[in-house]
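Number of protein chains: 2
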Amino acid sequence: MPKKGFEEIRERMLSAAKQGISEAYKSEEYALMQAVNAQIETSRSYNLAYERLSEWYGIYFPEVRMTNPVTLARLVVALNHKGIDDRAIEEAVKDQSKSEEIYKKAQSTIGRKMESSEATGIIRFAELVLSLNESLEQLDSYIKDASKRLMPNTTYLTDHMIAAELLARAGSMERLATMPAGTVQLLGAEKALFKHIKFGSKPPKYGILFKLPEVSNAPREIRGKIARAYATKISIALKADYFSKNFIAEGLKADLTKNLKRIREKPIVPKKEEPRREFKRHGGFHPGKDRMRGSRPHGNRRQ
Amino acid sequence: MPKKGFEEIRERMLSAAKQGISEAYKSEEYALMQAVNAQIETSRSYNLAYERLSEWYGIYFPEVRMTNPVTLARLVVALNHKGIDDRAIEEAVKDQSKSEEIYKKAQSTIGRKMESSEATGIIRFAELVLSLNESLEQLDSYIKDASKRLMPNTTYLTDHMIAAELLARAGSMERLATMPAGTVQLLGAEKALFKHIKFGSKPPKYGILFKLPEVSNAPREIRGKIARAYATKISIALKADYFSKNFIAEGLKADLTKNLKRIREKPIVPKKEEPRREFKRHGGFHPGKDRMRGSRPHGNRRQ
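Chains as they are written, first to last, in numbering that gives the first Met the number 0: chain C, 0 to 302; chain F, 0 to 302.
Hints were generated in silico from the structure; no laboratory data involved.
Fair warning: there could be bad hints in the mix.
The list treats identical chains as interchangeable, and a pair is accepted whether it falls inside one copy or across any two copies.
[Said to hold, decoys possible] Simulated crosslink set (EDC-like; lysine to aspartate or glutamate; CA at most 20 Å straight-line):
no. : residue 1 : residue 2
1   : LYS112    : ASP85
2   : LYS204    : GLU90
3   : LYS244    : GLU100
4   : LYS210    : GLU90
5   : LYS17     : GLU100
6   : LYS143    : ASP94
7   : LYS147    : GLU114
8   : LYS97     : GLU62
9   : LYS112    : ASP158
10  : LYS25     : GLU50
11  : LYS3      : ASP139
12  : LYS210    : GLU173
13  : LYS93     : ASP139
14  : LYS112    : ASP144
15  : LYS93     : ASP144
16  : LYS204    : GLU133
17  : LYS104    : GLU10
18  : LYS224    : GLU114
19  : LYS238    : GLU264
20  : LYS147    : ASP158
21  : LYS104    : GLU22
22  : LYS204    : GLU54
23  : LYS143    : ASP254
24  : LYS190    : ASP254
25  : LYS93     : GLU6
26  : LYS244    : GLU40
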């Protein structure tokens, strides 16, 4: 074949590959997954920064403990730019009686006097806490929109963060929609699952789904059953979201509510305590070895 | 005693306690320690956010990889607010030939088209990266000032971050200044040290001091010796910083340079490989048990 022919083929191949890539990223799900991961990481940074700010500010003003990071950060900024000013405090705290209390305490504080050299550092850090909070809100509002758009059924059944986290764990809508319900139930509990398989510890009952208040607030004995009921309906909802794109969530929710009612009303029969399998640090599960010896050290389903 | 006397005593006690607290925090070292910890945590958040932004932006513009977080964040902000604008790109990248290259690539990118709903999320996230960077700079400049003020000798011998980190690890100037040189050498290597004591793994040779380029760039065989030489001089510098407040660092540095030269010029005799002690997962070091049996399972210094 002449050289020109080769080059033409090469060009065509390249452009086909390029188009393939650009088509692969056409779905919004990739943006949503990035946003969810960003949200999770940023929220960790936010909590860390709040704790640090609270401790740091404690050496200047130990009498005040704020549980709301944004209020604390605003107070730090307000009290230092303008000295002890009752109006600035009230603007930051947005609660008259509380701000009066803070004003009184600030005048007789036993904390360290803040030098101007120290002030810029801590004020900038407080502003960072505010900035982190703003980013979190922005990310959250995008995730809310996008998961309603991409996974309307699943979002209706659970909520936008849980739906988006399931997607981020699975890696793509296609993979998530074709997963069996049992896998959906355990998404996010991979570590516990492999510990169970390898060492015979208790199997996990839920992963991300634990974030559902219906699961986490339920009595311990029926939590697993409730997670299971959710997972089966979520699995159907996912298929509708990805394949047919019909909105069937209302019917699913009604069914689910019935199932949950049945689970909750069933009397809880306390199980006989099985002797708990010990978590062995050495050895673990060696299929080859055990098969040769004809025995398994820790009970395994495949026995 | 009459009740009035009691109350008077109580009042006096309270005010004495208050004064005690406010005196304890009089030293700037507490502010410095908070700032250092904030710096370490923020720097972790910053790296995480940069990686996420890089991955996220990769789905829109996979042809560009920026190694500088700030440039990347500026580019994200510039390219999205104003569309593909060569001037905006140049302003963000601050390098003409590079910005021309980016401009060309941006026009024929194979990445996903960014919807306006997605844009606000990622732009706000890029702004967060810029905000994190600004906070880091602000914290760093405060740490620089404060450690020069509080620990002039130690800062002269090492640098402001290392001096401040040593302080943060030790918990107070008093504790740090009264530590033996060997403890200063291993500050920050607590985990490895206790692993050594408990399981007989190799002892650590340096902790925070590994951040000194003289230690980390040295050949493996003499790193420990160099860290030791530094630690002895740092220990003296710390005592000068806390007690006499004289500036003696120039003499110390000259001595140190001589010592380092001697260490570097000494021929390295390759040690005979000792059989490496195994890291045992089970058992570990049980003083009571071993003493009863009259033997120790793994060689221990106290044998």
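Each hint tested on the structure:
1. LYS112 <-> ASP85: within (18 Å within a copy, 50 Å between copies)
2. LYS204 <-> GLU90: neither (47 Å within a copy, 53 Å between copies)
3. LYS244 <-> GLU100: Answer is neither; intra-copy 56 Å and inter-copy 42 Å both fail.
4. LYS210 <-> GLU90: The answer is neither: 35 Å in one copy and 44 Å across copies each exceed 20 Å.
5. LYS17 <-> GLU100: between (64 Å within a copy, 19 Å between copies)
6. LYS143 <-> ASP94: neither (30 Å within a copy, 38 Å between copies)
7. LYS147 <-> GLU114: This pair counts as between: shortest inter-copy Cα distance 16 Å, intra-copy 50 Å.
8. LYS97 <-> GLU62: within (13 Å within a copy, 54 Å between copies)
9. LYS112 <-> ASP158: Classified as neither; 47 Å inside a copy, 27 Å across copies.
10. LYS25 <-> GLU50: neither (40 Å within a copy, 22 Å between copies)
11. LYS3 <-> ASP139: Close neither inside one copy (53 Å) nor across copies (59 Å); limit 20 Å.
12. LYS210 <-> GLU173: Intra 23 Å, inter 46 Å, cutoff 20 Å: neither.
13. LYS93 <-> ASP139: neither (24 Å within a copy, 33 Å between copies)
14. LYS112 <-> ASP144: between (47 Å within a copy, 18 Å between copies)
15. LYS93 <-> ASP144: neither (30 Å within a copy, 35 Å between copies)
16. LYS204 <-> GLU133: Classified as neither; 35 Å inside a copy, 44 Å across copies.
17. LYS104 <-> GLU10: Between copies only: 18 Å across, 74 Å inside.
18. LYS224 <-> GLU114: For LYS224 and GLU114, neither the intra-copy (58 Å) nor the inter-copy (41 Å) Cα distance is at most 20 Å.
19. LYS238 <-> GLU264: Result: close neither inside a copy nor across copies, 30 Å intra and 71 Å inter.
20. LYS147 <-> ASP158: Classified as within: same-chain Cα gap 9 Å, cross-chain 52 Å, threshold 20 Å.
21. LYS104 <-> GLU22: Between copies only: 18 Å across, 61 Å inside.
22. LYS204 <-> GLU54: The answer is neither: 37 Å in one copy and 32 Å across copies each exceed 20 Å.
23. LYS143 <-> ASP254: So LYS143 and ASP254 fail the 20 Å test inside a copy (25 Å) and across (63 Å) alike.
24. LYS190 <-> ASP254: neither (31 Å within a copy, 53 Å between copies)
25. LYS93 <-> GLU6: neither (70 Å within a copy, 37 Å between copies)
26. LYS244 <-> GLU40: neither (31 Å within a copy, 44 Å between copies)
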